[in-house]
Amino acid sequence: MADRVQRERAQQRAEEVVEATTRSSHAVDYDAILDEIDSVLESDAEEYVRSFVQKGGQ
Amino acid sequence: MGIETEYGILAPDAPELHPTVLSAAVVAAYPGIATGTTLEWDDPIPIEDAHNRVLANGARLYVDHAHPEYSGPEVTSARAAVAYDLAGDAAVVAAARVASAELGAEIGIYKNNTDSQGASYGCHENHLLPRSLPWESIRSALPAFLVSRAVITGAGRVGIGQHGERSGYQLTQRADFFETAEGIQTTQRRPILNTRDEPHAAPSRYRRLHVITGDANRCPFTTWLKAGALAGFLACLEASALPGLELADPVAAFSTVSHDTSLTALLELADGRRLTALDLQEAFSEAVAGDAVRRPEAYEADVNAAWAQVLSDLRNDPAACADRLDWVAKRELLVAYAVRLGLNPDDAWGEPRLAQLDLAWARLDRPGPFDALEKAGRVCTLVTPSEVATAGVEPPSDTRAWLRGTLVRLVPERVMAASWDWMAVRDTDGRVHRLDLSEPTGLTAERLGPVPDAAAVDALLRRLA
Numbered sequence: 001m002a003d004r005v006q007r008e009r010a011q012q013r014a015e016e017v018v019e020a021t022t023r024s025s026h027a028v029d030y031d032a033i034l035d036e037i038d039s040v041l042e043s044d045a046e047e048y049v050r051s052f053v054q055k056g057g058q
Numbered sequence: 001m002g003i004e005t006e007y008g009i010l011a012p013d014a015p016e017l018h019p020t021v022l023s024a025a026v027v028a029a030y031p032g033i034a035t036g037t038t039l040e041w042d043d044p045i046p047i048e049d050a051h052n053r054v055l056a057n058g059a060r061l062y063v064d065h066a067h068p069e070y071s072g073p074e075v076t077s078a079r080a081a082v083a084y085d086l087a088g089d090a091a092v093v094a095a096a097r098v099a100s101a102e103l104g105a106e107i108g109i110y111k112n113n114t115d116s117q118g119a120s121y122g123c124h125e126n127h128l129l130p131r132s133l134p135w136e137s138i139r140s141a142l143p144a145f146l147v148s149r150a151v152i153t154g155a156g157r158v159g160i161g162q163h164g165e166r167s168g169y170q171l172t173q174r175a176d177f178f179e180t181a182e183g184i185q186t187t188q189r190r191p192i193l194n195t196r197d198e199p200h201a202a203p204s205r206y207r208r209l210h211v212i213t214g215d216a217n218r219c220p221f222t223t224w225l226k227a228g229a230l231a232g233f234l235a236c237l238e239a240s241a242l243p244g245l246e247l248a249d250p251v252a253a254f255s256t257v258s259h260d261t262s263l264t265a266l267l268e269l270a271d272g273r274r275l276t277a278l279d280l281q282e283a284f285s286e287a288v289a290g291d292a293v294r295r296p297e298a299y300e301a302d303v304n305a306a307w308a309q310v311l312s313d314l315r316n317d318p319a320a321c322a323d324r325l326d327w328v329a330k331r332e333l334l335v336a337y338a339v340r341l342g343l344n345p346d347d348a349w350g351e352p353r354l355a356q357l358d359l360a361w362a363r364l365d366r367p368g369p370f371d372a373l374e375k376a377g378r379v380c381t382l383v384t385p386s387e388v389a390t391a392g393v394e395p396p397s398d399t400r401a402w403l404r405g406t407l408v409r410l411v412p413e414r415v416m417a418a419s420w421d422w423m424a425v426r427d428t429d430g431r432v433h434r435l436d437l438s439e440p441t442g443l444t445a446e447r448l449g450p451v452p453d454a455a456a457v458d459a460l461l462r463r464l465a
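Sequences listed follow chains Y and X, in order.
Counted from 1, the first sequence has number 43 at position 43 by the numbering used here; the numbering is strictly sequential.
Counted from 1, the second sequence has number 194 at position 194 by the numbering used here; the numbering is strictly sequential.
Keep in mind that the hints were calculated from the coordinates and are not lab data.
Ideal Cβ placement from N, Cα and C applies to all residues, glycine included.
Keep in mind that a hint or two might mislead.
[Said to hold, decoys possible] Chain Y side only, calculated, beta carbon under 8 Å to chain X, not exhaustive: (1) 29; (2) 30; (3) 32; (4) 34; (5) 36; (6) 37; (7) 41; (8) 43; (9) 46; (10) 52; (11) 53; (12) 56.
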């Protein structure tokens, strides 16, 4: 019984660690990347997207 | 094989300049070694013909339908296709930088395939096939492969429909622009199977398969697998080792696959079976792996392994492919961005800031989100920057592009004309030699031997006469 509880707790801890690591690596990564690109995005997104007009090609 | 890319082009500060003029300025401004161009604006030659240059790496840089286009040189491996594809991006960006300075207006270069306002432009793949392979067998086998591979080759797109009239995220840039099953045209009513067959080689021996369904990709891995898996599929087709899988309606299926980010949509086959795009790709990948056991020399083993791995990862958790596949990498970033903006990612796709990030992803001339991901080590790089730099100035050594590129590199001013399968080059006495390059793997570095400098070119021309 005690063994099983311990095993389940260990398992739970492992899952928490995995989840936290995954979450934090994603969060840290994307936040840093989004910080970096904030400066290259135009302030008026709607106007920028509307003005991206191309001629048709192949 | 070879890849050709039409780039999006925009100069917001110079709206009076037609995109054909902008594209011509970019082609003319290419700062590397290349054949010349005509810059007479009142020249009777159409602007597109006047702006057609061959580069020292054997590629062609020209104006096509109001876009700058780069056609990479003929290569024999998927890895080389990636290096020359990235070299093309670098060439167009370098040219745009010079042209921007000359015009006094910043020219943006985009590696995507639609403006979501009704226009699409292509990234085409070319594969050389033996004439003995009947078109009938290509016609029955290829559509199911081209449609289902969107789960791998899609560049990802914010918006659904040719005008982005519905909000959503889809796998590909191109699918919404395909309206017919088969045809020779490429600019309207685009066909899944393009029948254009200019082999640029002896037509009695070769066919050129011109594939127009693909997206232009940013992830090198995606480009690699796009080129390598198609080459493997075709090798397997030649060996008659593919399973018989024909779609009932390839055009409808292409949209279905592209619009289904869950990868679970069932596609109806001609025989009534219903399979997902992943099912189809797995069947093709397994057939290729099976034939590769019998004929390893016909395949690239690392491509086959990577193909099977990606399909397995897509089956288990698509997000695991964020380091390899465009549509996944872009989606993960867009979702993170939506969360940061305080939006619910499930219904944020109509938000202009996400569409803007989609465009920024494709933009090559400024550091953007893709570069940030790459710098953070989250993108499989596949080829080194030095391999890409080399591919920008040297032709592949194992195809006829070697002769074409070598002559352009050594004596660009003496190349009077250059096409894929012939060239006209002047010697130092002023005599013009017409060279026959009709055999695609003919005039390689091995066949030609060393051609160290311009002084060696006269002897080479005499030898080839």
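Any of the earlier hints contradicted here, and which numbers?
-> When the structure is compared with the hints, only number 8 turns out to be violated.
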